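Q: Take a look at the letters that make up each chain.
Number of protein chains: 6
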Amino acid sequence: MARLPISSFSVPKLKDLPKDVRARIKLVQEKTGFVPNVFLVLARRPDEFRAFFAYYDALISKESGLSKAEKEMIVVATSAANQCTYCVVAHGALLRIFSNNPLLGDQVAINHRTADLSPRERAMLDVAMKLAREPQCFGEDDVEELLAHGFTREDVWDIGAITAFFALSNRMAHLSAMRPNDEFYAMGRTPRKKSG
Amino acid sequence: MARLPISSFSVPKLKDLPKDVRARIKLVQEKTGFVPNVFLVLARRPDEFRAFFAYYDALISKESGLSKAEKEMIVVATSAANQCTYCVVAHGALLRIFSNNPLLGDQVAINHRTADLSPRERAMLDVAMKLAREPQCFGEDDVEELLAHGFTREDVWDIGAITAFFALSNRMAHLSAMRPNDEFYAMGRTPRKKSG
Amino acid sequence: MARLPISSFSVPKLKDLPKDVRARIKLVQEKTGFVPNVFLVLARRPDEFRAFFAYYDALISKESGLSKAEKEMIVVATSAANQCTYCVVAHGALLRIFSNNPLLGDQVAINHRTADLSPRERAMLDVAMKLAREPQCFGEDDVEELLAHGFTREDVWDIGAITAFFALSNRMAHLSAMRPNDEFYAMGRTPRKKSG
Amino acid sequence: MARLPISSFSVPKLKDLPKDVRARIKLVQEKTGFVPNVFLVLARRPDEFRAFFAYYDALISKESGLSKAEKEMIVVATSAANQCTYCVVAHGALLRIFSNNPLLGDQVAINHRTADLSPRERAMLDVAMKLAREPQCFGEDDVEELLAHGFTREDVWDIGAITAFFALSNRMAHLSAMRPNDEFYAMGRTPRKKSG
Amino acid sequence: MARLPISSFSVPKLKDLPKDVRARIKLVQEKTGFVPNVFLVLARRPDEFRAFFAYYDALISKESGLSKAEKEMIVVATSAANQCTYCVVAHGALLRIFSNNPLLGDQVAINHRTADLSPRERAMLDVAMKLAREPQCFGEDDVEELLAHGFTREDVWDIGAITAFFALSNRMAHLSAMRPNDEFYAMGRTPRKKSG
Amino acid sequence: MARLPISSFSVPKLKDLPKDVRARIKLVQEKTGFVPNVFLVLARRPDEFRAFFAYYDALISKESGLSKAEKEMIVVATSAANQCTYCVVAHGALLRIFSNNPLLGDQVAINHRTADLSPRERAMLDVAMKLAREPQCFGEDDVEELLAHGFTREDVWDIGAITAFFALSNRMAHLSAMRPNDEFYAMGRTPRKKSG
Chain A
88 MARLPISSFS VPKLKDLPKD VRARIKLVQE KTGFVPNVFL VLARRPDEFR
138 AFFAYYDALI SKESGLSKAE KEMIVVATSA ANQCTYCVVA HGALLRIFSN
188 NPLLGDQVAI NHRTADLSPR ERAMLDVAMK LAREPQCFGE DDVEELLAHG
238 FTREDVWDIG AITAFFALSN RMAHLSAMRP NDEFYAMGRT PRKKSG
Chain B
88 MARLPISSFS VPKLKDLPKD VRARIKLVQE KTGFVPNVFL VLARRPDEFR
138 AFFAYYDALI SKESGLSKAE KEMIVVATSA ANQCTYCVVA HGALLRIFSN
188 NPLLGDQVAI NHRTADLSPR ERAMLDVAMK LAREPQCFGE DDVEELLAHG
238 FTREDVWDIG AITAFFALSN RMAHLSAMRP NDEFYAMGRT PRKKSG
Chain C
88 MARLPISSFS VPKLKDLPKD VRARIKLVQE KTGFVPNVFL VLARRPDEFR
138 AFFAYYDALI SKESGLSKAE KEMIVVATSA ANQCTYCVVA HGALLRIFSN
188 NPLLGDQVAI NHRTADLSPR ERAMLDVAMK LAREPQCFGE DDVEELLAHG
238 FTREDVWDIG AITAFFALSN RMAHLSAMRP NDEFYAMGRT PRKKSG
Chain D
88 MARLPISSFS VPKLKDLPKD VRARIKLVQE KTGFVPNVFL VLARRPDEFR
138 AFFAYYDALI SKESGLSKAE KEMIVVATSA ANQCTYCVVA HGALLRIFSN
188 NPLLGDQVAI NHRTADLSPR ERAMLDVAMK LAREPQCFGE DDVEELLAHG
238 FTREDVWDIG AITAFFALSN RMAHLSAMRP NDEFYAMGRT PRKKSG
Chain E
88 MARLPISSFS VPKLKDLPKD VRARIKLVQE KTGFVPNVFL VLARRPDEFR
138 AFFAYYDALI SKESGLSKAE KEMIVVATSA ANQCTYCVVA HGALLRIFSN
188 NPLLGDQVAI NHRTADLSPR ERAMLDVAMK LAREPQCFGE DDVEELLAHG
238 FTREDVWDIG AITAFFALSN RMAHLSAMRP NDEFYAMGRT PRKKSG
Chain F
88 MARLPISSFS VPKLKDLPKD VRARIKLVQE KTGFVPNVFL VLARRPDEFR
138 AFFAYYDALI SKESGLSKAE KEMIVVATSA ANQCTYCVVA HGALLRIFSN
188 NPLLGDQVAI NHRTADLSPR ERAMLDVAMK LAREPQCFGE DDVEELLAHG
238 FTREDVWDIG AITAFFALSN RMAHLSAMRP NDEFYAMGRT PRKKSG
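Residue numbers (this note's numbering), protein chains in the order written: chain A, 88 to 283; chain B, 88 to 283; chain C, 88 to 283; chain D, 88 to 283; chain E, 88 to 283; chain F, 88 to 283.
Don't take each hint at face value.
When chains are identical, the list treats them as one kind, so a pair holds in a single copy or across two.
[What the hints assert, rightly or not] Distance condition first, Cα-Cα at most 27 Å in a straight line; then the derived DSSO-like pairs of lysine-lysine:
(1) 102 to 217
(2) 106 to 149
(3) 106 to 280
(4) 149 to 102
Just so you know, the hints here were simulated from the structure itself, not pulled from any lab data. Here the structure is a predicted model, which means the values were calculated and not measured.
Isolated chain A, as found in the complex (with noise of 0.2 Å):
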């Protein structure tokens, strides 16, 4: 078996960076323990860098209507659409993080119909995989769907964005033939006790 290298495209070295672009990825080192490869795959583009990591603040890193596991479901189930490993990989570990459930990363890449979910959740992922696979037939019956199920518009916006930016992001791990570090896929398979 071939172990295939993080990226087809040159990767530079931490030195050679833009000061800000460095600080980021150890920002993120000092809080993963370890530098997830999208940091080092898309360095390369300073400027792309910089607009994709702020637009993944914008939608993934701030507060929102959404919790933290609901996000991570739709990252996973559509990035499974689109077979893209890295995100797969990346984003189950943080869904099994933030739900607390070591079933749910690899249940929601397999088959979202299928996985543990609340009819809430189930409804969120139809539309978001509506958005993600033929992104010419959502339209307003879909919004109403979202709705009826509690969502707010501000809501049905994080849910349609994010899906939007993991449609690139997809897309850019395809490009570079992204490989996901070792370390996410064994992440968050026990889950936390409950304190008390």
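Position chains B, C, D, E and F against the provided structure of chain A, taking the given hints into account.
A: Chains B, C, D, E and F in isolation, oriented as in the chain A frame:
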């Protein structure tokens, strides 16, 4: 989040099952440490149960030109194409174990094209995926492609027959909303040390 | 025009086959008047042969809530979706015979939506086609639809299991380029007179 | 089982039709022994009727570089791709008759890839199927492929134009739920003896 | 950039054409100011030319329950589904002119779901698109949908027949790599002032 | 005919926007003569707005190995594949202008295979379309194809990244039912005279 049951059909009690069916279930329990749900879900129809596992044994349990890991690759890739949660989760575990590679189950399930595979393994999965998804397009050129990668005609039959059997298996799992045992998700996630 | 052989794999001689396999073949020959090629093509792997026909008997030969004609409708419609020449031709003949309707085999094979079917039969085939082609979309709503047309849950299992078995069968036929016997094409093309 | 009518639209009485339309219908009746339903179903719009059969005559009835059997192969294969019951049943009969091969109608309808065809016929149908299903992908490479199999550019036009005409024909049949005459199903099922 | 010719097949000289074909071409030239390439490309087969334009006249040129703009909407939407450059460009011009709306040609070609259409027009195009792309799924429920929007059964026939005719037309254009005249692109891009 | 609004979400007033967002909008208005609706529709989320246009500038506004016209070809072809009215109409105008070819916007939108393109441009769009529609199939062979047509690896990144960015962009437009400004439809429809 709702936790779904192991089947949408009734599941018989072990004590109500024919002796040979019970014996088969006891055997797998001793070997695996738990009873994979597929045994419980299919047991309600003993004749179908017997035929299903006789077929399984003839293709998967017996020795052949394909390694155990290669067989599981076929199962995982084609079951993922059918979004079959049971088969991907259960056989993903077996693939990790037989390949002694904790990454391979997820890689093959998400996108076999970007998995850490040899050209031979990639060719095998390309043909299996075609037979799974567009069986009407399978032809002698696919056989030639496999022979060119060192497979024998008997290996080709094995690759095709395993794909065919899981086309059945996946549909039985979808029919019954078959739920994978929680145990499968975490199995084989740490590579075994090489003895010596 | 080239006349293709009955299989792209080697076909064993009857005298070289295990006794029980030979007996099964003799039985069908006596009943049908000729040996359907599927018996000869699969006989090269006696264990798989036994499992295949045990499964077939459990689903097709045994009595159940579905009529013989209904079972053949499922086989013909789903095999046509997979463009499986062997199964459409052989089971088209059986459908003509069991329904005593010389048109129904072709109608169901070409487009079950425009065949002369009752609403119950149409609903049955709609669900079978979904499980054949997009098994990941099969769900409890499909079960409900069938129950609403008077099927029992056991009937639903039969409909699903027959579809699943022919998903296997069709792929074995494509794998081996299995050729239907010439006899099947013309069988059942004249309706039987009603006795009395 | 419900027996569907020959059209979901009103069908005019013969006596109410313009003289030339009636004459055309009488002609086919004398030749075939019955009136194929397509004549009755389309007669409600005499101008469209005239244009339809003028087009049909220009492509199918006239002599050309393609044999009568080759033309019917194109009609049957592409109509099967559109699941058009009328055209597959009616032209399947003509294909059996013109090829003097009682198997070929069903073989081409179910899967032209596994039919008893010469490489030239197979190439012809591969291109016709592309133009029928993904016309936007047809290109000069398809023309080259046909020329390499001995077709002339005029033959290519015929292949394409017949495919195009039945793209129309199939849709008129679906629009009107056009029912094939019962007679077609059994025609040509016994090969004619060779004279001499 | 290469400028492609008007056809990949030979184009006859006007003087070599039969008198009636030449007369038809002269007529359109006088009316339009130039000869649309479809006339020149199809003229090489006079019988097919005559049938084609007789059909066109019966469906498009004659008065019917559909407005001229509605007919062109059907042509543009279904031709765009087939990615037919000739028909989208030529009939996009006619749609702009007949609707006196310089935006509508492009809107309907790109995505009829987001075009400035009435519910009646949207319903008409939804059904036409189904018949164009999945004709086997067209059924009585589609007819009912159109009747509910105020169309008559004769209108339904027109909608279906126009869709069917352009299924042919689009394939002839793809077959011959038919190039739209440059003039069409700019026609109707400025709305006419209302007189009075 | 209903005239749809510019967004299905609320659109903020210019005076309520952050200063830098307003400045960006003023800039484009001065350059273009009007405010393209994408600026108004996205402004409701200033952080996303900033990231979106920073990304846009990094890919589209900066100099690179691709010409301005080549970039717009990618945008138009892939946005048409997603049936995105906003992007096809707005960038179709830019493509006409940058290529100084009034036909190219429509040609590329309808079917890039039949557009007046060089082999290099055709190859570029073939790969971009694959990444847009089946990103999971993109691979090193696509990179090789582009290199063979004279593109550098940096150009390949540009082609892929522009495709990826518009996968996002198209989905934001579908999410918000973003309406193109009327002005775009007519822009660039007359070729500029060459100075001299």
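Q: Against this structure, judge whether each hint is valid.
A: Verification of the hints:
1. 102 to 217: neither (42 Å within a copy, 35 Å between copies)
2. 106 to 149: Classified as both: same-chain Cα gap 24 Å, cross-chain 21 Å, threshold 27 Å.
3. 106 to 280: neither (40 Å within a copy, 41 Å between copies)
4. 149 to 102: between (29 Å within a copy, 25 Å between copies)
The structure shown violates the earlier hints numbered 1 and 3.
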